[in-house]
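Participant: Below are the chains, spelled out letter by letter.
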Amino acid sequence: MHIVDRRLNPGSKSLENRQRFLRRAKALVQGAVKKSSQSRDIKDVLEGGEVSVPIDGMDEPRFRREGGTRDMVLPGNKKFVEGDILPRPNQSGGRGRGAGEGDSEDTFRFVLSRDEFVDLFLDDLELPDLAKRKLAEVESEGIRRAGYTTSGSPANISVSRTVSRALARRVALRRPRREVLEALEAELLDCSEERRAELMAEIEALKTKMRRIPFIDPIDIRYRRFETVPKPVAQAVMFCLMDVSGSMTEHMKDLAKRFYMLLYVFLKRRYRHVEIVFIRHTDRAEEVDEQTFFYGPASGGTLVSSALQAMHDIVRSRFRPADWNIYAAQASDGDNSYADGEVASRLLTDNILPVTQFFAYLEVGQENGLSYEMPNSALWTLYEGLRANGAPLSMRKVNERSEIFPVFHDLFQRRGPQERTAS
Amino acid sequence: MTATDQLLFEGADWDFRTLQRICDACEQIARDELGLDVYPNQIEVITAEQMLDAYSSVGMPLFYKHWSFGKHFAFQEASYRKGLMGLAYEIVINSSPCISYLMEENTATMQTLVIAHAAFGHNHFFKNNYLFKQWTDADGILDYLEFAKRYVAHCEERHGRLAVEHTLDAAHALMSHGIDRYPGKKSLDLRAEEKRAGRRRAHEEREFNDLWRTVPTGPAKSGAVLDVERRRAMLGLPQENLLYFLEKTAPRLKPWQREILRIVRHIAQYFYPQSQTKVMNEGTATYVHYRIISRLHEQGRLTDGNFLEFLQSHTNVVFQPEFDDPRYSGFNPYALGFAMMQDIERIVTNPEAEDRDWFPDIAGTGDTMGVLRDIWANYRDESFISQFLSPRLMRHFRMFHLHDDPEERAGILVDAIHDERGYRRLRRELARQYDVGFIDANIEVVDVDLAGDRRLMLRHTVVKGAQLSEADTKRVLQHLADLWTYDVSLVEADASGTVLKEYVANPRKIAAVA
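The listed protein sequences derive, respectively, from chains A and B.
Residue 339 in this note's numbering is what sits at position 303 of the first sequence, and the numbering runs on without skipping anything.
Residue 75 in this note's numbering is what sits at position 74 of the second sequence, and the numbering runs on without skipping anything.
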């Protein structure tokens, strides 16, 4: 009898098979991910977790028989006698499932890790208008000291470290010191004959020992080690502009919030460092923290240009366009005073659009509204005019939570180069 | 007071010394009192995750990589985590040495149960049953699996993961039709298989398949050259082992693809006896663990508490829900098998008049283990049930037979119940449910149109009106056509030869590339 403990065996065999399955089921899992993200809070979505994968496309076909006359022997007869006729169960639903046949796996739950989930979630998205994408992808490497190593190029020999190691070795192996030898040689100059032979032998022994234990041995040598570290140059700033005038309902803010969160998560995947600037405005604009942005009470008239001006000022003072990838997403119900249109348009064309990678305008509507029935608002008309003149603006209307992801997806979908400015 | 009077363990904890003591105690009873003959045992302690792993690769300790195992793993892991499914206490492999997996979470009592069940019950059955002797090669299987794994990985390196995956997908779809059902061929020697594989591969790479030299010059002439009968004889038709047929005759398969089909076929063949002996195999193992552990308790080597814990697990295992119970999903092989083994013991030692009528050969002979060992060696589920299911047991389970004819509007007919008139019919019907000839669809290769478009022609002989499910059949035929690389047709016909349905599948481009 042989007993083996296999518990410590490394390697779950299933990992590789699981990855193969995921690769194969990618389209299905992706669909499931999107479906599940619509009904869930965005925060939870990014926690990963379970998705239901339809087993339909993933089952393995076999020749299977069905129908025909069937005979079965069952246990547990209570009252039947030979010749009884039993009504069929679920007559309306066609054939009932007989004993032990048909192993139904319509859908099954698949647990995805957070990374797997987010990867699939964002998989076919890409940042539009990628003028500065090169910057984002090329990472300059910095160099930093990283201790010592036993191999390297002569230029990197660390003298002090090598000598101190040599010293330690010499002490440990009791290499004779030079003074001792010198003293003996001095004594040799005038001494008796019998002492002379003794001294000669002693000196010879010391010299041999010195040769055997060299002053510097190859094993003492240490080189300085350097390693390269990626230096984050890829950084992005995201401006969240929101109209918080009285006409913006909680529902609208919620829609906007979901959009911003998606954008944030998305940028976070692409850049090492993402800053967010929250600007809310009524007829005047201010930079606020997240809490205030979404939950702070505010009311007043509407001047969109104030927010644009604030953004412009912040860019000028804190985010040099040469160093930062700038994104802006504006959410509004579209109300703006007519007189403001001119100012907003000039700010956008002259100052903001030239430095931003992407400017998205999200017009949020009432719950249960239909986006195609929304009349064009003042802001929408204004932006559409700009866009007609070739400004890189993207605009969408949203009414329902479930539309957020599709709209987002739509805005950021990978495109051919000719389409990039078209949206 | 002898050494055997001491307790094996107390409480629920165990360590490796305890396991060794348990094994020794079980082995003594198994050999000396039950007269079991087993392969050497190897016991491996594993974690729950490893158990799931083993589950998803059909219980094998090592296996080639394929996405479907990942799917099963994900599926089983999900239901396990949700608590829908308990893990089996053990997995045992029909190999020499016979490997039993024990989960580390089990209590000492459960480990005793599992060791008695797997390492002695299943092990004896594997070593002695005629089907296993005929079809499986316990010495070679582990090496062969190792070879299969290496070979598939090697193919992936050489020919790309996708091409290998296509081939494996197709082979898996045909796996249940990759079995030689009837003996006549020599049993497998997997070690020799493995050695031959290398030589065969080298040879086949050079070989030119002579069969396909008969390229037609014109339909009329070639028809005369090869007459139908001779062609069918040359191709070994009709052939029900589809994988074997493809491996030998598919015109455009690469040698490595043939080898993969062969691997899948060998593994299907290796599992074939298991599917025919579920009731007997589990019945044997359950009967053996019951005898061994009861004996350990009698000897005073198990406390009453541990014995009660054992009885509870044992009762769960042999529980048979009735047909109208929501938990019902067919006969539980443990319940039926164990009940029959115990019933045989009763007939041998303490028969009634009815038993003497029904089982004159064994009733009252007194040698329980002799009779059982003989049965374990020489029967499979179908023949076992049709010979040894007693009227008393049919009454015990209150069995009845339903005949469901979809043409019959009124409903389902109760055709027989557990009474004098019904015993023989019940027993025959139940045995038929375990007859492999009826479980899998009867599909054969009937002809290849060598003279024309090289179409492969299959026939499904419809039994009792059960036709193939359409969606699945189309997909399987697609796989088949991809391997064959020419059109494949399947005709469904009933016993009188009336054609009920016909399928045709055309090969996809991708298969030709692969």
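Hints were generated in silico from the structure; no laboratory data involved.
Glycine residues also receive a C-beta, built at the ideal position from the N, C-alpha and C atoms.
Misleading hints may appear alongside valid ones.
FRET-style restraints, in silico, Cβ to Cβ [what the hints assert, rightly or not]:
#: 1; chain 1: B; residue 1: Arg159; chain 2: A; residue 2: Glu86; range: 33 to 43 Å
#: 2; chain 1: B; residue 1: Tyr131; chain 2: A; residue 2: Arg43; range: 34 to 44 Å
#: 3; chain 1: A; residue 1: Arg43; chain 2: B; residue 2: Glu158; range: 30 to 40 Å
#: 4; chain 1: A; residue 1: Arg59; chain 2: B; residue 2: Arg159; range: 34 to 44 Å
#: 5; chain 1: B; residue 1: Ala411; chain 2: A; residue 2: Arg59; range: 31 to 41 Å
#: 6; chain 1: A; residue 1: Gly112; chain 2: B; residue 2: Ala354; range: 39 to 49 Å
Result set (EDC-like, lysine to aspartate or glutamate): computed pairs, CA atoms no more than 20 Å apart in a straight line [claimed, not checked]:
#: 7; chain 1: A; residue 1: Lys114; chain 2: B; residue 2: Glu241
#: 8; chain 1: A; residue 1: Lys62; chain 2: B; residue 2: Glu166
#: 9; chain 1: A; residue 1: Lys114; chain 2: B; residue 2: Glu166
#: 10; chain 1: A; residue 1: Lys62; chain 2: B; residue 2: Asp170
#: 11; chain 1: A; residue 1: Lys115; chain 2: B; residue 2: Asp170
#: 12; chain 1: A; residue 1: Lys114; chain 2: B; residue 2: Glu421
#: 13; chain 1: A; residue 1: Lys115; chain 2: B; residue 2: Glu241
#: 14; chain 1: A; residue 1: Lys115; chain 2: B; residue 2: Glu421
#: 15; chain 1: B; residue 1: Lys150; chain 2: A; residue 2: Glu52
#: 16; chain 1: B; residue 1: Lys465; chain 2: A; residue 2: Glu96
#: 17; chain 1: A; residue 1: Lys115; chain 2: B; residue 2: Asp405
#: 18; chain 1: B; residue 1: Lys475; chain 2: A; residue 2: Asp95
#: 19; chain 1: A; residue 1: Lys115; chain 2: B; residue 2: Asp420
#: 20; chain 1: A; residue 1: Lys114; chain 2: B; residue 2: Glu323
#: 21; chain 1: A; residue 1: Lys114; chain 2: B; residue 2: Asp170
#: 22; chain 1: A; residue 1: Lys304; chain 2: A; residue 2: Asp319
#: 23; chain 1: A; residue 1: Lys115; chain 2: B; residue 2: Asp325
#: 24; chain 1: A; residue 1: Lys114; chain 2: B; residue 2: Asp326
#: 25; chain 1: B; residue 1: Lys475; chain 2: A; residue 2: Glu52
#: 26; chain 1: B; residue 1: Lys502; chain 2: A; residue 2: Glu102
#: 27; chain 1: A; residue 1: Lys115; chain 2: B; residue 2: Asp25
#: 28; chain 1: B; residue 1: Lys475; chain 2: B; residue 2: Glu241
Participant: Can the restraint linking Lys114/A and Asp170/B be considered satisfied, given a maximum Cα separation of 20 Å?
Facilitator: Violated, at roughly 46 Å.
Participant: Does Asp25/B sit within 20 Å of Lys115/A, going by the straight-line distance between their CA atoms?
Facilitator: violated (50 Å)
Participant: Evaluate the given range 34 to 44 Å for the C-beta pair formed by Arg59/A and Arg159/B.
Facilitator: For Arg159/B against Arg59/A, whose Cβ atoms are near 20 Å apart, the range 34 to 44 Å is violated.
Participant: Is the hinted pair Lys115/A and Glu421/B satisfied, with a Cα-Cα distance of at most 20 Å?
Facilitator: The given pair, whose Cα atoms are some 16 Å apart, holds under the 20 Å limit.
Participant: Compare the distance between the alpha carbons of Lys115/A and Asp420/B with 20 Å, and conclude whether the hinted pair is satisfied.
Facilitator: The hint holds at about 13 Å.
Participant: Starting from the hint 31 to 41 Å, judge whether the C-beta atoms of Ala411/B and Arg59/A obey it.
Facilitator: violated (53 Å)
Participant: Does Lys115/A pair with Asp170/B here, judged by a C-alpha cut-off of 20 Å?
Facilitator: Distance ~48 Å between Lys115/A and Asp170/B Cα, so the pair is violated.
Participant: Take a quick look at whether Lys114/A and Glu241/B sit within 20 Å of each other, Cα to Cα.
Facilitator: violated (42 Å)
Participant: How does the Cβ-Cβ distance of Tyr131/B and Arg43/A compare with 34 to 44 Å: does it lie in that range?
Facilitator: holds (37 Å)
Participant: Check the hint pairing Lys502/B with Glu102/A against an upper bound of 20 Å on the C-alpha distance.
Facilitator: holds (14 Å)
Participant: Given the hinted pair Lys475/B and Glu52/A, is their Cα-Cα distance within 20 Å?
Facilitator: violated (30 Å)
Participant: Is it true that the CA of Lys150/B sits at most 20 Å from the CA of Glu52/A?
Facilitator: Since the Cα atoms of Lys150/B and Glu52/A sit roughly 13 Å apart, the hinted pair holds (cutoff 20 Å).
Hint compliance for this structure: hints 4, 5, 6, 7, 9, 11, 13, 16, 21, 22, 25 and 27 are not met, and every other hint is.
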